[in-house]
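A.B. asks: From just these sequences and the hints, can you work out the full model?
Protein chains in written order, with our numbering: chain A, 1 to 198; chain B, 1 to 198.
Heads up, a few of these hints could be off.
Just so you know, same-sequence chains aren't split out, so a pair can sit in one copy or run between any two.
Quick list of in silico lysine-lysine cross-link-like pairs, DSBU-like style, CA-CA up to 30 Å [to be verified]:
| id | residue 1 | residue 2 |
| --- | --- | --- |
| 1 | LYS143 | LYS7 |
| 2 | LYS88 | LYS14 |
| 3 | LYS14 | LYS156 |
| 4 | LYS14 | LYS38 |
| 5 | LYS7 | LYS78 |
| 6 | LYS7 | LYS22 |
| 7 | LYS125 | LYS7 |
| 8 | LYS7 | LYS136 |
| 9 | LYS125 | LYS143 |
| 10 | LYS38 | LYS132 |
| 11 | LYS168 | LYS22 |
| 12 | LYS156 | LYS22 |
| 13 | LYS131 | LYS143 |
| 14 | LYS22 | LYS131 |
| 15 | LYS7 | LYS52 |
| 16 | LYS132 | LYS14 |
| 17 | LYS168 | LYS78 |
| 18 | LYS74 | LYS14 |
| 19 | LYS74 | LYS7 |
Read the hints as simulated data drawn from the structure, not as lab findings.
Number of protein chains: 2
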Amino acid sequence: MYPDSLKQLIESFKYLPGIGEKTAERLAFAVFDMDPDKVGFFVESMQNVKNKVHYCCECNSLTENDICSICADKNRNKDILCVVEDVKSVFLFERLGTFNGYYHVISGLISPLDGINPEDIGIDKLIARIKKNKYKEIVLAFKPSIEGETTTLYIKRILEGLDITVTKIASGIPIGADMEYIDALTLEQALRDRQEIS
Amino acid sequence: MYPDSLKQLIESFKYLPGIGEKTAERLAFAVFDMDPDKVGFFVESMQNVKNKVHYCCECNSLTENDICSICADKNRNKDILCVVEDVKSVFLFERLGTFNGYYHVISGLISPLDGINPEDIGIDKLIARIKKNKYKEIVLAFKPSIEGETTTLYIKRILEGLDITVTKIASGIPIGADMEYIDALTLEQALRDRQEIS
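C.D. replies: Written out as structure tokens, the structure reads:
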């Protein structure tokens, strides 16, 4: 009943995560009403993301060049490498502006139950990079979960005997959170990881 | 920090209604991960919606041709015209599959408070079409609201003396709704518009 192009655009929006029929219709109508220049910009950005953006050959983050702007930046702290589970985490940490080392993105976390083993998430490439670059500290920054913990322990074990400090980001009670809404596991962890007040 | 194309695609998604920064980021990453063929189809649909789809010169609904498929269909009931407030309503009614007349889309509803007067929503074109086509019944299908009511009364008044039956769709209690959650105005209307059980 809709004109064909509109029908096709509705289908296209449904490719995106969390977009159902109703939302797709609303968005497709919005595109019809949108300023032609904006649609042009939208279309071009979409094509560019697909054609120009790729993984950094060094750290697996996203870039339009051979290596990303972080890996290319020689002024960062060469002693420290932060390992994250996805590209988004790189941008989350960078937005903080407080971490000055380099990053390495692995492809997810080890999860034997889901059939995801170390070789599936690019641990080999990570280890090779660590050995080549002589980092002093490796920060493991995965989400606190069974998979995160498994991956942390696996990497820690592989790096044993290499004279590298392996750390992981703290898990505990989020700042501003109400104590009574914190789950038992987090509370337990926060208690176990208590720190002396300096 | 994001590669430029990704940053631009995030901005583009934010042009759409209801899409904020976080969702735009999630959708832009989804486009990066999407099958290239699908991105191609998406881009093409977006361009086509902008370049090929336009308003039907007869009824103001959307079409890729001179007149839309409904206006072009000579087998529909020529005696009845349903007037709706936006293009989406046409597709809503068509999906029912029970209405067999023609449609006319006006551009919104009269709302003196918002400075929207009859001449702003194309009432002239509607009246001209009604006079030319000799319909027997005009169904006004606007949302039940002050604006809907104002527009309904305005059109009704203009058509007085033209020997045309002017009707409006029923408002009342939605089927399946819980009586206790129905607002007082709707309840009052439902009571006033009670129908004899045949």
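A.B. asks: Could you place LYS88 and LYS14 in one of the four classes (within, between, both, neither) given a Cα distance threshold of 30 Å?
C.D. replies: For LYS88 and LYS14, the Cα distance is within 30 Å both inside one copy (22 Å) and across copies (18 Å).
A.B. asks: Cα distance capped at 30 Å. Does LYS131 pair with LYS143 within a copy, between copies, both, or neither?
C.D. replies: Only inside one copy: LYS131 and LYS143 sit 25 Å apart there, 68 Å across copies, limit 30 Å.
A.B. asks: Could you place LYS7 and LYS52 in one of the four classes (within, between, both, neither) given a Cα distance threshold of 30 Å?
C.D. replies: both (28 Å within a copy, 13 Å between copies)
A.B. asks: Check LYS7 against LYS22 for me: Cα-Cα at most 30 Å, and say if that holds within a copy, between copies, both or neither.
C.D. replies: both (12 Å within a copy, 27 Å between copies)
A.B. asks: Go through the copies and call it for LYS22 and LYS131: within, between, both or neither, with a Cα cutoff of 30 Å.
C.D. replies: neither (52 Å within a copy, 36 Å between copies)
A.B. asks: Go through the copies and call it for LYS132 and LYS14: within, between, both or neither, with a Cα cutoff of 30 Å.
C.D. replies: So LYS132 and LYS14 fail the 30 Å test inside a copy (44 Å) and across (42 Å) alike.
A.B. asks: Are the CA atoms of LYS143 and LYS7 at most 30 Å apart within a copy, between copies, both, or neither?
C.D. replies: between (39 Å within a copy, 25 Å between copies)
A.B. asks: Which holds for LYS38 with LYS132 at a C-alpha limit of 30 Å: within a copy, between copies, both or neither?
C.D. replies: neither (46 Å within a copy, 39 Å between copies)
A.B. asks: Classify it for me, LYS74 with LYS14: is the Cα-Cα distance of at most 30 Å met within a copy, between copies, both or neither?
C.D. replies: neither (42 Å within a copy, 34 Å between copies)
A.B. asks: Can you give me the call for LYS156 and LYS22, within, between, both or neither, at a CA distance of at most 30 Å?
C.D. replies: neither (47 Å within a copy, 33 Å between copies)
A.B. asks: Tell me, please, which holds for LYS7 and LYS78 at an alpha-carbon limit of 30 Å: within, between, both or neither?
C.D. replies: Between copies only: 27 Å across chains, 52 Å inside a chain, cut-off 30 Å.
A.B. asks: Can you tell me if LYS74 and LYS7 fall within 30 Å by alpha carbon in one copy, between copies, both or neither?
C.D. replies: This pair counts as between: shortest inter-copy Cα distance 24 Å, intra-copy 50 Å.
Hints 3, 8, 10, 12, 14, 16, 18, counting from the list given before, are not met by this structure.
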